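> Protein chains in written order, with our numbering: chain A, 1 to 971; chain B, 1 to 90.
Worth flagging that the hints you see were computed from the coordinates, not collected in a lab.
Since this is a predicted model, take the numbers as computed values, not measurements.
Even glycine gets a Cβ: it sits at the ideal position worked out from N, Cα and C.
Be a bit skeptical, because a hint or two may be false.
[To be verified] Here are the computed distance ranges between Cβ atoms for each label pair: (1) B:N43 x A:R878: 22 to 32 Å; (2) B:D39 x A:P78: 53 to 63 Å; (3) B:A30 x A:G966: 28 to 38 Å; (4) B:N43 x A:H259: 54 to 64 Å; (5) A:S463 x B:P47: 26 to 36 Å.
[As the list claims (entries may be wrong)] The following residues of chain A were derived to be distant from chain B, with all beta-carbon distances above 10 Å: (6) L150; (7) K161; (8) D167; (9) L412; (10) S463; (11) R565; (12) P570; (13) A586; (14) A710; (15) M716; (16) G900.
[Unchecked claim] Which stretches of chain B does chain A cover? Using the computed rule of at least three CB atoms under 8 Å from a CB of chain A, they are: (17) 26-35; (18) 57-64; (19) 71-83.
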Amino acid sequence: MRIEGKGHIDRSKPLRFRFDGVEYTGFTGDTLASALLANGVKLVGRSFKYHRPRGLLTAGSEEPNGMVEVVDGNHHTPNVRATVQELYDGLTARSQNRFPSLKFDVLGVNDLLSPFLSAGFYYKTFTWPRAFWEKLYEPVIRRAAGLGTLVAQHDEAAYEKAFAFCDLLVIGSGPAGLMAALTAARAGADVILAEEDARLGGRLLSDGGQVGGQASVDWVAEVLAELKALPNVRIMPRTTVTGVYDDGTYSALERVGLHLAPRTDLPRECFWRIVAKRSVLAAGALERPVVFPGNDRPGIMLASALRAYLNRWGVVPGKRITFIANNDGAREVARQIMAAGVKVAAILDTRENASAVEDCPVYLGARITGTKGRLGLTSIEVAHKGGKLTIETDCLAMSGGWNPTVHITCHLNGRPIWRDDIAGFVPAANAVPGLIPAGACAGDFSTAAALANGAAAAAESLSALGIIAATPDLPSAENAPYVIEAFWQTPGAEGRQWLDFANDVTTKDVALSAQENFRSVEHMKRYTTQGMAPDQGKNSNVAALAVLADVTGRAIPETGTTTFRPPFVPTSIGAMGAGGKAQGFAPQRFLTSDQASRDRGAPMIEAGLWYRPSYFPKPGEKTWQESCNREVRMVRTAVGVADVSTLGKIDIQGKDAARFLDFVYTNTFSTLPAGKVRYGLMLREDGMVLDDGTTARLGEHHYLMTTTTAAAGLVMRHLDFVHQAFCADWDVRFISVTEAWAQFAIAGPRARALLATMLDRTPDLPFMGVTDVTLGSVKARLFRISFSGEEGYEIAVPTRYGEALFRDLLARAETLGGGPYGMEALNVLRIEKGFITHAEIHGRVTAYDIGMEKMVSAKKDCIGKAAAARPGLVGDERQQLVGLRAQAPITAGAHLFRAGDRVHRETDQGYVTSVGWSDTLNCWLALAFLEKGRARHGETIRLIDHLRDIDVICEVADPVFFDKEGAKLRA
Amino acid sequence: MRITCPLCGPRDRREFYYYGTDDYLNRPVADAAPAAWDDYLHNRDNPAGVTRDLWYHDMGCTSWLAVTRNTVTHAILKVEAVAPVKGATQ
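Here chain A stands alone, though its shape is the one from the complex (with noise of 0.2 Å):
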């Protein structure tokens, strides 16, 4: 119910909603949390695994009851913390887990069969048969244990990433943050304020006291206003820090559009990535819940819930509330509770020696032995230190004491250390590099301390920056002592008591791990699925840990903690995925014919990043193969036109060019005439080929080399590493050039005559000539080189030209019965010659292995000649590329075998790299590697690929099956 007067919310603007089908209205402000109890629903979910009907424990995004599907049209959000999802008109909400309803459910039975389903059941039980696993066992376990279930489709929804940067992070708004944040800004550095919550204010706007002889919500909006005003600092609302990686990198992840009915305009989520110089850790504290029988029924929460849900939302859950604690924190909470004017029915304090003056009953030395209420709490059962009784209540407060938030400092390895002062765990110094932990995760629990702390690690943070930041006046605040006796568990009592609800586990399940001998906490964490649920343990890991070493008789430091990793709340996949989907996976890359080729109706193949034409159907033709082999046969009889821009070009100049590419190349280019070309290859430093390609000298001291479209990054950076680890001195500078310029082959025997139509002069360049020739009034290249065998050529001209010479070349080509071709002609025929792509050359090949160990100079150094000539990288037991003729259909991928051979490892022969039908020599072509393939040309052998069914005998040939002296290639 509602408390007039009280909560943060705008009753001005009330707000429709409904849950599991039923109506409701909460107010601008609400979470849906708050809005439920307000309208009296204490019953959100069903557990994990019993079924057990739950209510909010919590007020925050530890919540791990709370956990409900938000619906969107066809698509729901599943495991929505019902604490953290702000109430927008028409929200649409529903419980999870149940079956037909949240009131009734069938797996509810599971709670009955509870003594049969102890941790480690499945394990033990689901043993055998093996088979039954997959198809019985699992798909039943699964339906019956989970949380919310997935729409399987797509997720369409937006979402973004982004990055920023600043002298100092503070992560949390409450006193410390809200005092680090204005001691940075007042300083002049630049600060981010990032706080997990719609507002700012952290504690401060659920505490309902006073800082500075002021509300607290009101010295909060004197400070924000201040910060507002300040360009030096960033705010961000609704954005959780959820990770630390190294030299001051955070993740974050932003509520965008999840506060908002779902629009279009806004993504979901933004994930961040915030690189701060130094940070300030000002996440606070969480409860921890009390450990008794029945202690999960809804209407049990935290006192600090019940705290935020009066001071900030004007809601009280209950009408005779009680409350049971180990500190001094609840009996504020209690007084609070009857300031509003409901009705208190006991404090229950487990320590023997506390206060017992309040204005309702306090029983000490108090323990819970039992609850009722199916649905919801009705009564507790109680023994105290003067007797036993029966409290009628509705709403149960429980603060265990409380949790440092240490979670982020744990993130780079560092381990927390327990003070027993505190019963709780804080951040070891240093755990992180450059950030600072402050107020009551660094264990001081008072707003006065955390005031001081924020604004003294501020001051700290900058001076290590060399910013000299006063401190601001610290206001008046509340500065009680925190007062704590540890109580872990309710010793003695029957019935189950629950550690975490998330996972419904039990204090039980942890003895029965230990019993089991999984006494390490890591064990026991795996045993028993304890810290494993959404929450990762934030409401059980310390009590857990604790029953544990009670156990196993040791202290809790000897114990040990289990590990915090990233993120500290759950995160979307689509968030740290953002942009990544569909096109957005990988750069595209666009040859200036893309479009010339599309309106063709070539089908684009991926080549790298590239999108190359596949091949050019023409009508009537009904496979890729008729067009590829009418591609083939216009090249060898007319002319083609081919893109090949996607080949590296790194233009080369310096008086130290032609040394420097006498020392990565295998052959020599310093001999090279200007106006001529090289066939290249290149070694890596462990003897393998790294690339093959064409080098040009175009004066003195300039050169342009080609590498294959694969490699052309990995030349670059090969390049680079060169020279500038072993001949940085030289006079040597290069560029790729790749995109500056559109290249284009033009193949077949009428290539000249189609250069002719278009250039001033007809071109008389020898092969393996290169000359600057001139389109209209656009200066360009001409290459006499070929990949197909044919007479070729290749023309390059400035990118912005390359679409219009395009379309010219097919028009002229087709002119002279010629046109265009893809990639699939273009394969055909260079292996018809057996040139070689990265398909042979992929790593594991010498020089020698492909035929080409003549390439390697014996007058000079190069990269890979002293590894390359290694026993066992040179001779015949090697395998070496080859040819093979077939009169079936064969693939690349096929291994080789000796006819009669059993088929196994042991007797594999080699392996088939390419494949294509040539129809120029009307049989099967494929390159490939075998056992001394040089001398068996001439010899069958038997091709085999199990994948595909193919099992065919093949001759081994040459790999040049086409005009072997070249002479068309020279004509």
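Assemble chain B onto chain A, guided by the hints.
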């Protein structure tokens, strides 16, 4: 992880390509014994502690960098360009 490139300043590690140990800088002479080439190409320490390795500022200035760092703490202790940089103070 961030690397301070001597030319470009502090940058996210995604801008860099990792190569391997700085052993690659000590290329043996062409006719060195096979053992020297073996060491150069294959034999590597795997220290828990300070190591020095090579990174390429692929998405930046294309400098090759020698980065001294601690594999245990992840601290980056020193970043130098492999090639002498004109005007840089090293």
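> Determine for every hint whether it applies to the structure shown.
Hints and how they fare:
no. : hint                       : in the structure
1   : B:N43 x A:R878: 22 to 32 Å : 24 Å, holds
2   : B:D39 x A:P78: 53 to 63 Å  : 56 Å, holds
3   : B:A30 x A:G966: 28 to 38 Å : 33 Å, holds
4   : B:N43 x A:H259: 54 to 64 Å : 58 Å, holds
5   : A:S463 x B:P47: 26 to 36 Å : 34 Å, holds
6   : L150                       : 31 Å, holds
7   : K161                       : 12 Å, holds
8   : D167                       : 13 Å, holds
9   : L412                       : 7 Å, violated
10  : S463                       : 20 Å, holds
11  : R565                       : 16 Å, holds
12  : P570                       : 25 Å, holds
13  : A586                       : 15 Å, holds
14  : A710                       : 16 Å, holds
15  : M716                       : 8 Å, violated
16  : G900                       : 39 Å, holds
17  : 26-35                      : holds (count 6)
18  : 57-64                      : holds (count 4)
19  : 71-83                      : holds (count 6)
Violated hints for the displayed structure, listed by number in ascending order: 9, 15.
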